[in-house]
Amino acid sequence: MSETRQPVIEVGGATVRFQAETALDNVDFRMFAGEVHSLMGENGAGKSTLIKGITGALHLDSGTIMLDGAPANFAGPAEAQHAGVRTVYQEIDLLPNLTVAENIMLGREPRRWWGIDWKAMQREAAAVLDELGLDIDPGTLLGTHSLAVQQLVAIARAVSGELRVLVLDEPTSSLDTDEVAELFRIIRELKDRGVAILFISHFLDQVYEICDRVTVLRNGHLVGEYLTRELLRIDLVQKMLGRSTEELVLLPRAEVDVESEPAILETRALSSSRVSDITLVLAEGEVLGFAGLLGSGRTELARLLTGIDRADGGSVILDGKNVAPGSPHRAIGLGLTYSSENRRTEGIIAELTVAENITLALQAQRGIFRRMRQSRQRELAASWIEALGIRPASTELRAGVLSGGNQQKVLLARLLALAPRVLVLDEPTRGIDIGAKVEVQRLVGELAENGMSVVFISAELEEVLRVSSRVMLLRDGRAIETVPSDQLTVDTLLAMIAKPDDGS
Amino acid sequence: MTMTKPAVAPNPVASAVQKFLSRRGSWVPVFAALLILIIMFVGAQAYFGNFLTPRVISSLLLDNAYLLILAVGMTFVILTGGIDLSVGAVMAFTGMLGASLLRDGSPVTVVVPVMLLVGAALGLGVGILVQYFGVQPFIASLAAMFAARGLAFMVSLSSIRVEEPAILWLQGTRIQAAPGSWFITPTGILALLVVVIGTLVLAYTRFGRTIYAIGGNEQSARLMGLPVVRTKLLAYTISGLCAGLAGVVFTAYTGASYPLNGIGTELDTIAAVVIGGTLLTGGSGYVLGSMIGVFVYGAIKSVISFLGAEQSWTRITIGGLLLVFVVVQRVIVARSSRR
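Protein sequence lines correspond, in order, to chains A and B. Start counting the first sequence at 378; every next residue gets the next number (my numbering). Start counting the second sequence at 272; every next residue gets the next number (my numbering).
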């Protein structure tokens, strides 16, 4: 296939090394105006490194970047932004302490002789938001908004002003279905304006829906560039993983007869400010999925079950006994453990080693006076590293340098080291690559087979269905119904979630 | 049926409060400080009967002009998430330097700019340590504090009287500010001017907004392409410059310079800024709040002297108040991060 058009951005022979490790090895990459391009690969494939190279956040050790055929060596993000190359990063990187308007306009605020013209700034920000069809008051502080809205503001910031290349790094990971549709509408509009868009997502459906072209990376090497419509999904996954994909297709689901198995955890009319009147039953060895949109109360319920937040009313019953998991410490003591959806801020402690991260909760539970010996810590960590297949298999590495998938496994190991009765996993596969995702899913299945009860929360309905034996549907803080997952398909589940609430 | 929170019946007052909080939530601690100041005024007036007089009120400004100037500079630094422990010592050093230069016959038109420049240079030094050598602001400014204190002793071990009329004029001139016995001195005007300039710079310049951005999240500010390095250096330079100006004002206030001047003043300054509602983690706070913080500090001192109690009670009260404010701040931060 020959392309005669000139690419907007063309990277040649990009190489980046971090000490001994080569993160990017002689990679070629190009983007065309008016096209949505996807960069695919597992975590550690070099996607982030390549993006940082393009957007000036990182200097290439060797290789060239051409913007419109002219060499572009951005000294920093500011220069790249000025040249019209903008990024919305995976972790929202705006300023919660400033107003929405400032977050959009910062660095190019309208000014008069006496300084920043706040009125004009509000107006321009409102215009940008309006253009994107977003109804957000530009005068409000960003921190008062939900993560999803903050994400949209980040995109508004990127698209205001003259834009050549827009990089969206995992933009959909915290958006619900409506918001994703909204984002895609915006992407198509920008595409029509001739912007080259780099869309990075772990959601294959979304990649196939929106992208024209795919570049696949693996272990820092270029696998190839393809047109999305000519590339079968199964082939794409194969290229990303570099191994057979049959494991994607088959996944044993823990078969539990809820009627006959004893219930380990029950709630009666559990309520708080965010959820109301939740009654659920979790059997031994069962995986119960929570399905619902962002804000449906799925995370809030998980936090109530595990003592992170306190319930206002109702009861939690463990083994037939009324318990009140009023604090995480007490909940863990009861065997109720929680893995947060915010892996980076409420999970992994990046500065500590893998061994310390794994033994952290156990040590906390033992208390300060029963300190685990270093050798014991390492031994314990090493056994979990082996059991869960954490890569690289080192106890002494800082946890922050691990890929997302491996960090998630470290978190899982931390909880499993507590020998819990119930595992509540909130979005354990968010933002990690397909290979790791499958591994986490399989781990959950194995744990359930060995008698562990798991609550599994995910925004991906397909995943919830694959992993769970029953699915509890949440909407507006209420449990709508609980259905065995073999009676559900993604489409029927979606329909149930999307069904308008007729109760009020 | 039980309703969840967002569905609560629309109450015009509640929604107005909601709107105010989502737009101006960061002013709440400033109002808290103002409330405390008013409560102190009312309480002291009720107790003493003669507290709310023009003399006492204007002395809040006139006796604490140097502190107010330091607090404005400190606000810039704390807003970036840093701290400047050197300001008290820098004030003492520039005061000593100025006094000795004046004694040796240098003209005041040279001496005052030198004092300001030396202050700014010391501030820039702290900024360079923080920015280019990755030293913790606490440590970098601690080093600068010892250095400046040492330099002050090097100038002279004993007090130097200042007889320069232009300097003494700054404190000695009493200008009628309002009918009655409302007076203000040039030092007071200077301090208020610094407050006004500080407020405008923080609210209406890119530099000012970048200060807030850095305090919000330095990494994000960098990724947004904001000039983080320049801004941080400038913030420390401004704090140093304010310390130099405070040196001028304090020299005028006492009519002499003494190398032990201003010991612990950096802590008073930080206390005033924090009481005024500026978050020690950076990114939230106002110069006006710091001014209220200084007035709260001054009012506590006045109340203690009205009571005829030991001035050590000032420290104890400030300590207690500081504790309350820091706890309140933690609550605010914890609540906002829960969203």
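Mixed in with the good hints there might be a few duds.
25 Å max Cα-Cα, derived SDA-like pairs, lysine to any residue [what the hints assert, rightly or not]: (1) Lys568(A) with Val584(A); (2) Lys496(A) with Leu413(B); (3) Lys290(B) with Ser523(A); (4) Lys496(A) with Ser329(B); (5) Lys290(B) with Arg541(A); (6) Lys496(A) with Trp584(B); (7) Lys568(A) with Asn596(A); (8) Lys290(B) with Val584(A); (9) Lys290(B) with Pro769(A); (10) Lys496(A) with Trp453(B); (11) Lys496(A) with Ala418(B).
Here's a subset of chain A near chain B, in silico, CB distances under 8 Å, partners left out [to be verified]: (12) Asn474; (13) Leu483; (14) Gly484; (15) Glu486; (16) Pro487; (17) Trp490.
Taking beta-carbon pairs under 10 Å as the criterion, some of the chain A residues facing chain B (in silico) [to be verified]: (18) Ala457; (19) Leu471; (20) Asn480; (21) Gly492; (22) Ala497; (23) Thr517; (24) Leu609.
If you are wondering where the hints come from, they were derived from the structure by calculation, not from laboratory data. Don't be surprised by glycine CBs; every beta carbon is placed ideally from N, CA and C.
Each hint, compared with the structure:
1. Of the supplied pair hints, the one linking lysine 568(A) and valine 584(A) holds, its CA atoms being roughly 15 Å apart against a limit of 25 Å.
2. With a CA separation close to 42 Å, the supplied pair lysine 496(A) and leucine 413(B) exceeds the 25 Å bound.
3. Note on lysine 290(B) and serine 523(A): the hinted pairing holds, with a Cα-Cα distance of about 15 Å set against a maximum of 25 Å.
4. Our distance criterion of 25 Å between C-alpha atoms is broken by lysine 496(A) and serine 329(B), whose separation comes to about 36 Å.
5. Restraint check for lysine 290(B) and arginine 541(A): not satisfied, since their Cα atoms lie roughly 36 Å apart, outside the 25 Å limit.
6. Straight-line distance between C-alpha atoms of lysine 496(A) and tryptophan 584(B) comes to about 47 Å, which puts the hinted pair past the 25 Å bound.
7. Distance restraint check for lysine 568(A) and asparagine 596(A): the Cα-Cα separation of roughly 30 Å exceeds the 25 Å cut-off, and the hinted pair is therefore not satisfied.
8. Among the hinted pairs, lysine 290(B) with valine 584(A) is inconsistent with the structure: their alpha-carbon atoms are about 38 Å apart, more than 25 Å.
9. Proposed proximity of lysine 290(B) and proline 769(A) is contradicted: the alpha carbons are some 49 Å apart, above 25 Å.
10. Under the criterion of a C-alpha separation no larger than 25 Å, the hint pairing lysine 496(A) with tryptophan 453(B) is inconsistent with the structure, at around 37 Å.
11. Among the hinted pairs, lysine 496(A) with alanine 418(B) is inconsistent with the structure: their alpha-carbon atoms are about 46 Å apart, more than 25 Å.
12. For asparagine 474(A), the interface hint holds, since its Cβ comes within 8 Å of a Cβ in chain B; the closest pair sits about 4 Å apart.
13. Using the Cβ-Cβ criterion of 8 Å, the hint placing leucine 483(A) at the interface with chain B is satisfied: the shortest such distance is roughly 6 Å.
14. For the restraint placing glycine 484(A) at the interface with chain B, the shortest Cβ-Cβ distance is roughly 5 Å, inside the 8 Å limit, so the hint holds.
15. For glutamate 486(A), the shortest C-beta to C-beta distance to chain B is roughly 6 Å, which falls under 8 Å, so the interface hint holds.
16. A distance limit of 8 Å between C-beta atoms decides the matter here; for proline 487(A) the minimum to chain B is near 11 Å, and the interface restraint is violated.
17. At about 11 Å, the closest approach between the beta carbon of tryptophan 490(A) and any beta carbon in chain B exceeds 8 Å, and the interface hint on this residue is violated.
18. Because the closest C-beta pair between alanine 457(A) and chain B is about 8 Å apart, less than 10 Å, the hint holds.
19. Here the hint on leucine 471(A) is kept, as its CB sits about 6 Å from the closest CB of chain B, short of 10 Å.
20. Because the closest C-beta pair between asparagine 480(A) and chain B is about 9 Å apart, less than 10 Å, the hint holds.
21. Interface restraint check for glycine 492(A): the shortest CB-CB distance to chain B comes to about 3 Å, inside 10 Å, so the restraint holds.
22. Interface hint at alanine 497(A): violated, since its Cβ lies 12 Å from the closest Cβ of chain B, which is beyond the 10 Å cut-off.
23. For threonine 517(A), the shortest C-beta to C-beta distance to chain B is roughly 4 Å, which falls under 10 Å, so the interface hint holds.
24. Of the supplied interface hints, the one on leucine 609(A) is violated, with its beta-carbon coming no nearer than about 37 Å to a beta-carbon of chain B, more than 10 Å.
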